[in-house]
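Visitor: Let chain A serve as the given structure and place chain B on it in line with the hints.
Chain by chain, the residues:
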Amino acid sequence: MNDLHSLVSILLLQAGYNTIVVMLGAAALGAATGIVGVFAMLRRRALVADAVAHATLPGVALGFIVAVSLGFSGRSLPFLMTGAALTAILAALAIQWITNRTRLTEDTAIASVLATFFALGIVMLTVIQTLKTGGQAGLDIYLLGATAGMLREEAITLAVFSLVVAIAVAAIFKELTLISFDADYARAHGFPVRLLDLAILALVLAVVVIGLRVVGLVLIVALLITPPAAARFWTNHTGRMTLISAMIGAASAYFGAAISAVSPDTPTGAVIVLVAFALLLFSVFFGSARGIVVRALGARQWRGAS
Amino acid sequence: MTSFLQIDLPAMLTGTLAALVCALIGNFLVLTRQSMLGDAMGHVVLPGIVIAFVLAGTTATWVMLAGAFAAALFSAMLVEFLRRIAGVEPSAALGSVFTAMFALGVLLLEQSGVARTSFDVHHILFGNIETAIWPAAAGLRSLFDTAALASLPPQLGRLAFGLAVVALVIVLLFKELRVVSFDPDFARTIGISPRMIGALIVALAALAAVISLSSVGVILLVAMMVCPPATARMLTDDLKTQVLLSLLFALASGVFGYAIAVLLPLAFGYEISFGAAGTIAVVAGLFQLAAMLFGPKRGIPRTV
Numbered sequence: 001m002n003d004l005h006s007l008v009s010i011l012l013l014q015a016g017y018n019t020i021v022v023m024l025g026a027a028a029l030g031a032a033t034g035i036v037g038v039f040a041m042l043r044r045r046a047l048v049a050d051a052v053a054h055a056t057l058p059g060v061a062l063g064f065i066v067a068v069s070l071g072f073s074g075r076s077l078p079f080l081m082t083g084a085a086l087t088a089i090l091a092a093l094a095i096q097w098i099t100n101r102t103r104l105t106e107d108t109a110i111a112s113v114l115a116t117f118f119a120l121g122i123v124m125l126t127v128i129q130t131l132k133t134g135g136q137a138g139l140d141i142y143l144l145g146a147t148a149g150m151l152r153e154e155a156i157t158l159a160v161f162s163l164v165v166a167i168a169v170a171a172i173f174k175e176l177t178l179i180s181f182d183a184d185y186a187r188a189h190g191f192p193v194r195l196l197d198l199a200i201l202a203l204v205l206a207v208v209v210i211g212l213r214v215v216g217l218v219l220i221v222a223l224l225i226t227p228p229a230a231a232r233f234w235t236n237h238t239g240r241m242t243l244i245s246a247m248i249g250a251a252s253a254y255f256g257a258a259i260s261a262v263s264p265d266t267p268t269g270a271v272i273v274l275v276a277f278a279l280l281l282f283s284v285f286f287g288s289a290r291g292i293v294v295r296a297l298g299a300r301q302w303r304g305a306s
Numbered sequence: 307m308t309s310f311l312q313i314d315l316p317a318m319l320t321g322t323l324a325a326l327v328c329a330l331i332g333n334f335l336v337l338t339r340q341s342m343l344g345d346a347m348g349h350v351v352l353p354g355i356v357i358a359f360v361l362a363g364t365t366a367t368w369v370m371l372a373g374a375f376a377a378a379l380f381s382a383m384l385v386e387f388l389r390r391i392a393g394v395e396p397s398a399a400l401g402s403v404f405t406a407m408f409a410l411g412v413l414l415l416e417q418s419g420v421a422r423t424s425f426d427v428h429h430i431l432f433g434n435i436e437t438a439i440w441p442a443a444a445g446l447r448s449l450f451d452t453a454a455l456a457s458l459p460p461q462l463g464r465l466a467f468g469l470a471v472v473a474l475v476i477v478l479l480f481k482e483l484r485v486v487s488f489d490p491d492f493a494r495t496i497g498i499s500p501r502m503i504g505a506l507i508v509a510l511a512a513l514a515a516v517i518s519l520s521s522v523g524v525i526l527l528v529a530m531m532v533c534p535p536a537t538a539r540m541l542t543d544d545l546k547t548q549v550l551l552s553l554l555f556a557l558a559s560g561v562f563g564y565a566i567a568v569l570l571p572l573a574f575g576y577e578i579s580f581g582a583a584g585t586i587a588v589v590a591g592l593f594q595l596a597a598m599l600f601g602p603k604r605g606i607p608r609t610v
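Heads up: the protein sequence lines correspond to chains A and B, in order.
Residues in the first sequence are numbered from 1 upward in steps of one, following my numbering.
Residues in the second sequence are numbered from 307 upward in steps of one, following my numbering.
Only chain A is shown next, with the shape it has when bound in the complex:
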């Protein structure tokens, strides 16, 4: 009961100033992943996103080692995010190379890159844990995410990055929509399809790296997959779908961060993903465009008219 009470007060933004900023930062991140996820899903990049997310782990470990050896704090976000971005890009290139240059199929490329990079990251983490520098406990949160102990500056950085991603999508929204539905038509009319696909991949990389701190690299891909899948049930219009996906992503991250603020033991990423999945199930039944309930009612009306 006490928990419920504190949850309600947190949801209503009556918690401490720091918690509020963190929740809003998480919501901004959720919105950004919701937006990018729409195009990642339509261009079938979801599984690549999963591999790329897991591949950030060796980069995070590398960032930690570099930061510590240069005399900075091992938890310094710029170092960790730069490292994460580097190995994520390397993984994306490796998947491309294997798919294009060897007989192995794309699913094998994705799975082997995911496994090898993630394993390398884990080996580096075990090495770091035996170093006597301190602060390595903080690295665990990049696996499953945590909002506990998050600083205001970090949350503001998240929000700013997320805003940049949203603006980038808005700027090329028409082109992205076109290649998502008819890549051949787009190519025939001189649109740079390869370049636009690369842009989608870059946006995926960006939100994955930004999202590490809150959602963790194991589950961040869920925020790219589940909100767009839920949004599909509310509209058939791409623009509206993107907006709804952003709202569902934001709501998932906001509630998830709030719930994990009440019980500090819970990994934030896991809670956020479960909230998103609950919203997907709700949309499946009650979505206004293709929800099961709506379709059942529609079918009855149709029978009644004939």
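To be clear, the hints were calculated from the coordinates, so they are not data collected in a lab.
Yeah, the Cβ is synthetic: ideal placement off N, Cα and C, and Gly gets one too.
It cannot be assumed that every hint is accurate.
[As the list claims (entries may be wrong)] Ranges between beta-carbon positions, derived for each pair: (1) Arg390(B) with Arg240(A): 22 to 28 angstroms; (2) Arg240(A) with Gly497(B): 48 to 54 angstroms; (3) Leu198(A) with Leu570(B): 37 to 43 angstroms.
[What the hints assert, rightly or not] Sample of chain B residues lacking proximity to chain A, with all beta carbon distances greater than 10 angstroms (derived): (4) Ala382; (5) Glu386; (6) Leu388; (7) Ser402; (8) Leu458; (9) Leu506; (10) Ala509; (11) Leu557; (12) Ala565; (13) Gly581; (14) Met598.
Guide: For chain B alone, kept in the frame of chain A given last:
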């Protein structure tokens, strides 16, 4: 010698046996373009294992298997519901379900208090084969002493059993598996159901995943289901040769990986040791990289 037998041999055997069973069935996952299945499987069974452990209070093999299969079945039904009844795009249905199941598993681990006793999120993710020990070993003659052998870590028996089952099914149904993997349409015309054989492949992969998960962790399982078969595929066109080569690479990854992780640093007098499960997976990945760079079957994508 005794300390090698007590500490290193059981851990090395655990890692290697898990590598073998995963690589064996992985050949057919790679050929039927289901390489990500190991990854999905490793994620969805987690809540089943945790719930089974909480309810039964034991990590006995059959309890774990039952929980894992229940979770896998539930996930499969959920995916089918989202795909067929709700109309969610197939890969989104799969992706949303396996992330949600893993999230549920993580949450149950943390909330049930199991985390600090038998399992740990880290063990499931990273694998912890170093906990496999054989205290009864006292010199080489223990290898022939049935009383001492009986006290080998239980996961060794589990993994050996799984390896035997998977190997037996593959030997018995090799012709069917081959034709379904390479040419499902032809299989249909000669009366072999690709659906049935496909379901069999998935069931064997689930068995391999469940018995490996609790002893070596998700990451070794995912790596071994894809890397050794992919390595072998870069070297040969013949399925039988591919399967045998994949087992060879799995064995080499297990032995060298463990040696690099644990024995090498010791030999140089360092106190650090790398996580053995992770190192084995990395070694398997390096074998694959070498095969992709220098193997005879690189270049233009070919089909058989």
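Visitor: Run every hint past the structure and note whether it holds.
Guide: These are the hints, each one checked on the structure:
The hint said 22 to 28 angstroms for the Cβ distance between arginine 390(B) and arginine 240(A), and at roughly 26 angstroms that hint holds. Separated by about 50 angstroms at the C-beta atoms, arginine 240(A) and glycine 497(B) satisfy the suggested range of 48 to 54 angstroms. Our hint of 37 to 43 angstroms for leucine 198(A) and leucine 570(B) holds, since their Cβ atoms are close to 41 angstroms apart. The Cβ of alanine 382(B) sits about 16 angstroms from the closest Cβ of chain A, beyond the 10 angstroms cut-off, so the non-interface label holds.
Every beta carbon of chain A lies more than 10 angstroms from that of glutamate 386(B), the smallest distance being close to 13 angstroms; the non-interface claim holds. With a least CB separation of 7 angstroms from chain A, leucine 388(B) falls inside the 10 angstroms interface cut-off, contrary to its annotation. Non-interface status of serine 402(B) relative to chain A is broken: a Cβ of that chain comes within 10 angstroms, the nearest being about 4 angstroms off. Annotated as non-interface, leucine 458(B) keeps its C-beta farther than 10 angstroms from every C-beta of chain A; the closest such distance is 25 angstroms.
Non-interface status of leucine 506(B) relative to chain A is upheld: no Cβ of that chain comes within 10 angstroms, the nearest being about 19 angstroms off. Its beta-carbon lying about 19 angstroms from the closest one in chain A, alanine 509(B) satisfies the requirement of being farther than 10 angstroms from that chain. Every beta carbon of chain A lies more than 10 angstroms from that of leucine 557(B), the smallest distance being close to 18 angstroms; the non-interface claim holds. Every C-beta of chain A lies more than 10 angstroms from that of alanine 565(B), the closest at about 14 angstroms, which supports listing it as non-interface.
Not every C-beta of chain A lies more than 10 angstroms from that of glycine 581(B), the closest at about 4 angstroms, which undercuts listing it as non-interface. At the 10 angstroms boundary, the C-beta of methionine 598(B) falls inside the reach of chain A, the nearest C-beta of that chain being 5 angstroms off.
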